[in-house]
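Using the supplied hints, reconstruct the complex from the two chains, each of which is provided in its own coordinate frame.
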Amino acid sequence: MGKPNDLVQGTLDLLILKTVALEPKHGWAIAKRIQQISREVLQVQQGSLYPALQRLEQKAWIKAKWAETETGRKAKFYSLTASGRVQLEKEEANWNRLSAAIDLVVQTS
Amino acid sequence: MAWLQRSYIRLQTLFGRERLVEELDAEMQFHLDEQIAEYVAAGMSPGEARLAAMKVFGNGTAMKEQAWDAWGWIWLEQMGRDARYGLRQLKKTPGFTATAVFTLALGIGANAAIFTLVNAVMMKSLPVSDPETLVRIGDTADCCVNGGAHEDGKYSLFSTEVYEHLKKSVPEFDNLAAMQAGFEYRPVVARMEGTEGSGRAVMGEFVSGNYFQTFGLKPAAGRLLRDEDDTKGAPLMAVMSYDTWKNRYAENPSVVGSTIWVNTKAVTVAGIASPGFFGDRLSSTLPELYLPIESMPQLANVAYVHDPGTNWLYLIGRVKPGVQMVALQAKINTLTRQALSETEAYSGAKEKKYLEKLSVMLTPGGAGIQHLREQYETNLQMLMAVSGLVLLIACANIANLLLARGMRRRTELSVRTALGAARGRIVRQLLTESVVLAGLGGLAGLAVAYAGTKMLLALTFHAQQSVPIDARPSGAVLAFACGLSLLTGILFGVAPALVAAKTDPADSLRTGTRGTTAGSSLLQRGLVVVQAGLSLVLLVGAGLFAQSLRKLESSDLKLDARNRYIVHINPQTAGYSQTQLEALYRKFAERFHALPGVVKVGLASYTPMEDNNNGFDVQREGHPDTQTMASIIRANAEYFDSVGTRVVMGRGIREDDTPMSRTVAVINETLKKKLFKPGENPIGARIGSGHGNQWEIVGVVEDTTYTDVAWKDHGMYFVPAMQRAADQKEPITQDESLYLGAIVVETTAPVNNMEELARKTLAEINPNLAVVRSQTFAEQISNCFNDARMVAQLTALFGALALLLATIGLYGVTAYTVARRTSEIGIRMALGAQRSSVIAMVMRGAMSQTALGLAIGIPTALLCVRFIESQLYEIKNVGVGVLAASVLALALASLLAGLVPARRAASTDPAQTLRME
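Protein chains in written order, with this note's numbering: chain A, 147 to 255; chain B, 90 to 1006.
These are computed hints drawn from the structure, not numbers from a lab.
Glycine included, every Cβ here is placed at the ideal spot set by N, Cα and C.
There may be inaccurate statements among the hints.
Claimed, not checked - Okay, the calculated bits of chain B under chain A, using three or more residues with CB under 8 Å as the criterion:
#1 109-121
#2 613-621
Unchecked claim - Straight-line distance between alpha carbons at most 30 Å, and here's what the computed BS3-like set of lysine-lysine pairs gives:
#3 A/Lys222 <-> B/Lys801
#4 A/Lys220 <-> A/Lys209
#5 B/Lys153 <-> A/Lys236
Here chain B stands alone, though its shape is the one from the complex (with noise of 0.2 Å):
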């Protein structure tokens, strides 16, 4: 307990530091004044008295300090005088306070913005219990729904049965839970009960009646989802995010257990997810509602749930404790394998082959599914390496800051050392100057970062909606930027203190003030070389995703984007049947003709520049199967005008194409090209999967970009909307292709309500029929170029921080040098130099360290090409124009950041100099 009392003790004497001081002169007093009363009792005059008390007393002031120091936080005061001292020194030199903490704040603001966003898309866990065993069966982003026989043996998506047997045979598994891949290419239409007007598209994820459990999730209200929900006829049952419960609905609790309508068929709100929980993987599009997987046939009228050959599901489960990863997938192998090969898409004897190179692969599940991270991965890398050659850049400047500052200071130091300053406490002065500098720096830093995350975030997921990410920067964050400057600090403000005060002070005072030597150290010089070579390398980084940035924009898609809308809608959520799709199709056509200025209502499946893709195996009737994929297109009359494809050949889809006339098919160029020799006339020819005679070809039209501008040689094959081919074995009730995913809506002039009109115009036929996306058409298209905008704009950012920071860093390593030479420069300039020749001296210093730094940034730059090469669109290595640009534009910052000083150095007056001596 006697250590607890001291401590308490200790704290007092540091809180009542003053009142302790005040106590200790008083009560020293007191002592004096009684002897001078004892003495003056005894007959001394006051005076003789006073004398002789103070003698007997000993030294007044030295007992106050023994005193001070027996409270013991010496040590504290004095740092704290250092960094009062050290603040007010940095408020003296405000420009190079404000370059360093400005430099500081960059590179670590940078730096943790980006680290914030890898950490949140590469590294974390999702928000569930455990996340280090949960093990995903299956490796990559591999989406949304697929078929037939995989040559490779990858598998990432199961089919229902796979999964259920799977469930069934691995005891392995405390749980495994199966999720729909592909939930945000199919939005569910809601209304709540009781609310009034046309239901929203959310987004709605099926998922396995174990998938909370699997994640060891409690619900915020209700329950969540159980097994019992997730079989056939069970009551429809939906769990609600707890992010849509509170946005949405105030965190009412009577949502619990009320009707939601989802695509017309009322389902019981079971419970509210756990906060937090944003799903199973980080996307800008988070499931509202999860729904039981055997409810999908219900809601989703689709026909694959339980269909063996369709794969549709990622799988994510819970190991026991003690399982051996290897074992399980081998036995997982076996037991995939076991069942793949009793479905149709493994009858044949080619197939059965593929079977024996199968290989599902484990990877760690904690994170979920990692669409973000495959889709990012290589530019959040890429971003890394940018931002850390930014630091490395802004950390030469601080170097170079310090070390000019720790070089000017000599003086004062010596000043110090020869009037008894001991040199530990010198250092140790330095030192927490530098701390406080680069805590202010980091400090700065912070605020840097965060505005940089949000900044990020905003340029990744284009501010669609909440992204869970956080941006404020972690732990780890912190410790990493805050160490960082703290090092950088140390390092290079405390080296040259240490060499100052080695010196004999008598040496630097004289030679303190008159120096011909170079100036700058070659260590100084040798940074801005650097600076200016890294900085060229991200210039022409920049250059070059700039211009292939410019090269994707400007690319011609083949269409005309002019006045022209896209409607996304889904008229399956709508409860339509798809026997009733040719009068709704119909009416659709009718209803927004009607709209003033309307020119073509178009209807497709898809449109161009999209993220959809429909793609089958395609053959010509009479001709071998040479394994050629093309996508399938459902469209109406009016669809090639409405975005401008234009036939090139024969002709397009008409009205007169309907379901009782033969079954045609308008192909794209690239198709033609594909199955048809040059000169091949293809008109008449038959095409189809199978055996290729469904299809009767009646036109060719041109290449119009569809999903992606890098997908070069895409075959597509255009349909009539309602046709359907002779030998389609599955009853027209299942065929799920026959529901249209878009209206394309020309006008003759721009309209800016087109999304209140489509909503209207669409509830007015049936008050089910919601907008599930609206965009112009030019929205839709620059979309596609959004992740290549932001790599070219934050990679512009950082080649301009990286100029600016090696402008700063050339021009205070040149200021330093004219300083350093002020005496040297005003005895030449008195003995007859020029100012022209003053400034061409300067600057040839300045120069020539740019060029070095060229001479070494250039061949760099090239080399570094091959390792961006595969995220640039058509480019294979650096043009001269590029190359061009960024050596100008680095010219132009060194001969700036010379020219300044230079100028200053020529304005220097001889004769105040020669009397400053």
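Bound conformation, chain A alone (with noise of 0.2 Å):
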């Protein structure tokens, strides 16, 4: 794994859904996080996220902020909507029910 292509669009878009769950992030800290997180694993070329982004704001899944960071810069902070949040619900059940069933897979075969 690591490979930017790798990583099927709906992924990208659960971890997108998934990191800005919390609290507003930026663009930048969206892609540390998932690095972070995934111990670097998840290596996602990280301008890819920047059309992801767009996706999912015109599906209105996230709503996007001008703020200041803790350096002082403004960047663009983006948050999970009420609907966002339900697909989100939803795109995590799928995940689980699908790794479920690879595990089962993989671990009885």
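So this is what it looks like as structure tokens:
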């Protein structure tokens, strides 16, 4: 794993939604967070985050606001919307079902 | 609700694009900066950090484009770009653009204008509620007052008695209204109380009390007429039209309830009709006042209102839902037959037979009484056909222009394909370009349509008065015009693009600049040939109508219009009774003779070349009834001289032909021919209706034209103004024919204020005497040719348009061919070809197309004459003159269209073209 193209689009959406679910984050923070949490396993090509963010924003799952970072620079902070939260739950459930199934297949064979 | 939110976001994205792009840039820059800062903190040099950060970030530009994609408006942006590019391209070729837009504008504009008129005259409903449920009893525009038995059994006009009978006995109608057919021929004179000066002749229509109720109208102020107003002895009431209220009284509410003097009687204005309602028929003389039928005997002093033998009303009713038309028609026929069989006109056995044939047609009544439609239907249909042909020619032109342009751009398209442009993308771009062009043409077409409709209305109605037709093109017209131009654009703009996109770019790049092929395709030349043929047909048509008009105008009317003025009057509206008329007519003659320069003062029922006629069955005493119809005119002694009619036998009417002397008549030559054998002396014989002994013939006059030039064999007889036949049953106080309608004044020199003089002279006699209409005799005659002139002018206009378009088309194709063959011509000239032979070569191509067009056009034109023959005056086929003129015009135009590119071809510099290779 690790190649960005391996990461299917749906999974990236899920990761972003999950990442901004706790608190509003800007793009770079989202990228960092995904890398850290996954212990550097998920190496998304950072730029591809932005088309995904635009897509999610168009779907009204996340919303953006310009604010200052701790270092005093202006950055665009993304946060989850109500419909985004519903979508996140849906995608989490999907993922869990899928990974459980894969687990089952991998372990029993 | 999520979709609402999403739509909002999408709209925000659409209109805030530029800000979004900037934000995305800033956001990505921030990301990179943070990453660089992190790497620097980890110990890299700023340069290394930058490179590393960009590496983990990936291709920024590609990411941006992907992000824009997510916004989902890319197609719109591309379209906008294509449109801008298209406009730029069009701007680069102003000649092409101007020609195409001009062509489209003329083609679309002419058609939209004609269609607007057709729509208003032939299709549009009256502005009343539920026009679909209105039904008219009757199908023709029969006018205005008639009587007697109808041999053909056709009825569109009804007597008051039949109307009341039907109204009572047909419960299938919610309401059945009656309206005066000929109000346009009987203006009333109205004067608002409290205003100075003499009254004004206005249109007043007598209608049944339920008229407005039947149409489902609401008053703009006050109230509308009711059944109670339409009863004998009811107070006199009138409803004023909204336009009159607005234009003459500035919507003053005090008009309602005030008194208006109509034909010298006090009438109360009950209310104002609804805005937009212009009466029950489209016309250039709209009613200003609506008056109840029962007030007509009192106001207009006519005896026929309650005469069961006189038909003068149109009927329109509103049927109840679910009524079967066929059954209703049968019922109405039975009822009408029943009512008529009791009248005097059908008392004889022969007449009873006519009744069996009686057929009253029910027709849709939503459009009212379609006088205009009947009058102009053939003209309009022909104009529609003609403008359709012009549109066809215009489309052929556009097709040709776009084809040529498409071919010329082959190289450009090849380059673009070679550089990797997708075929779909190229086609889409060309499509956009065509649509932009069509849009421009359509827009310009609308302007032409608006101006054209205004012109048509002015031509049709001679700007007499406001016409209730809106010159603005309707939605249907707009859609039609735009759709058509779009279709043309797409069809002929994309076809060559597709062809070009399919060819191997390398191939066409290799050969794109060097062509020895014939240049223009068969399709292109075919289009030009068709254009030439069609325009010849239109030119011939225009020539025929012009010839017909000239024939009409130059026909010998056997009258003299020089220094003659016609003042129309109606003494009856000024309150004169029949017994006062003799003195009044003498006073007319006296007072007008007292004006400076007046030579003759004629008085007559009506005058030559005006839209009026009063005809009866005339027979000779002691001879069987030959069913000879003749028109009768009452006139004074100076009348024949005043209009320039010459007495050819016996004498004219004299001063001493008074009511006391024997009753005499002067007949015209046609009536003499109809009633007498050649060589037989008519003087002293007696003629008349009934037994034929009413009038003794004392003279014969030549056939001055009355009513219409096309009315040949028009028998007429003239009797002294106040003489009455001895056997006349009706009392003098009911004899309407004694009211004369015109004063003809002949002067020694032109008088330009005759109307004013007449007004003053009449007002001096009696302030209630109004001028109904005043014109010079020449104007009156000229007005009779208005329709013919309109048709001639319009067909000439369309013919010229067609010729212009065909010329442009031929020029376009020839010029294109020359451009394509530049190098070939250059080589020919380098090899010694003369300028003249190059010109000849190009001209041969151009002229051969014209010749082919002529070969198609001439027989078509000859065949088409029969479609318009009925509208031509004394022309049965295409004359050599008209044909030769049309062919010459087309030949000259194509010579011109060929010569310009031919000369350009001949001035090709061989050295330069060879260098270009």
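Hints versus structure:
Residue count for the segment 109-121 of chain B with a Cβ under 8 Å from a Cβ of chain A: 7. That meets the three needed, and the coverage hint holds. Chain A is given as covering the segment 613-621 of chain B, and this is violated because 0 residues of the stretch bring a CB closer than 8 Å to a CB of that chain, at least three being needed. Using a Cα cut-off of 30 Å, the hinted pair lysine 222 of chain A and lysine 801 of chain B is violated, with the two alpha carbons roughly 93 Å apart. A C-alpha spacing of about 16 Å is found between lysine 220 of chain A and lysine 209 of chain A, which places the hinted pair at or below 30 Å, so the restraint holds.
As the CA atoms of lysine 153 of chain B and lysine 236 of chain A are separated by approximately 29 Å, the hinted pair is consistent with the 30 Å bound.
Hint compliance for this structure: hints 2 and 3 are broken, all remaining hints hold.
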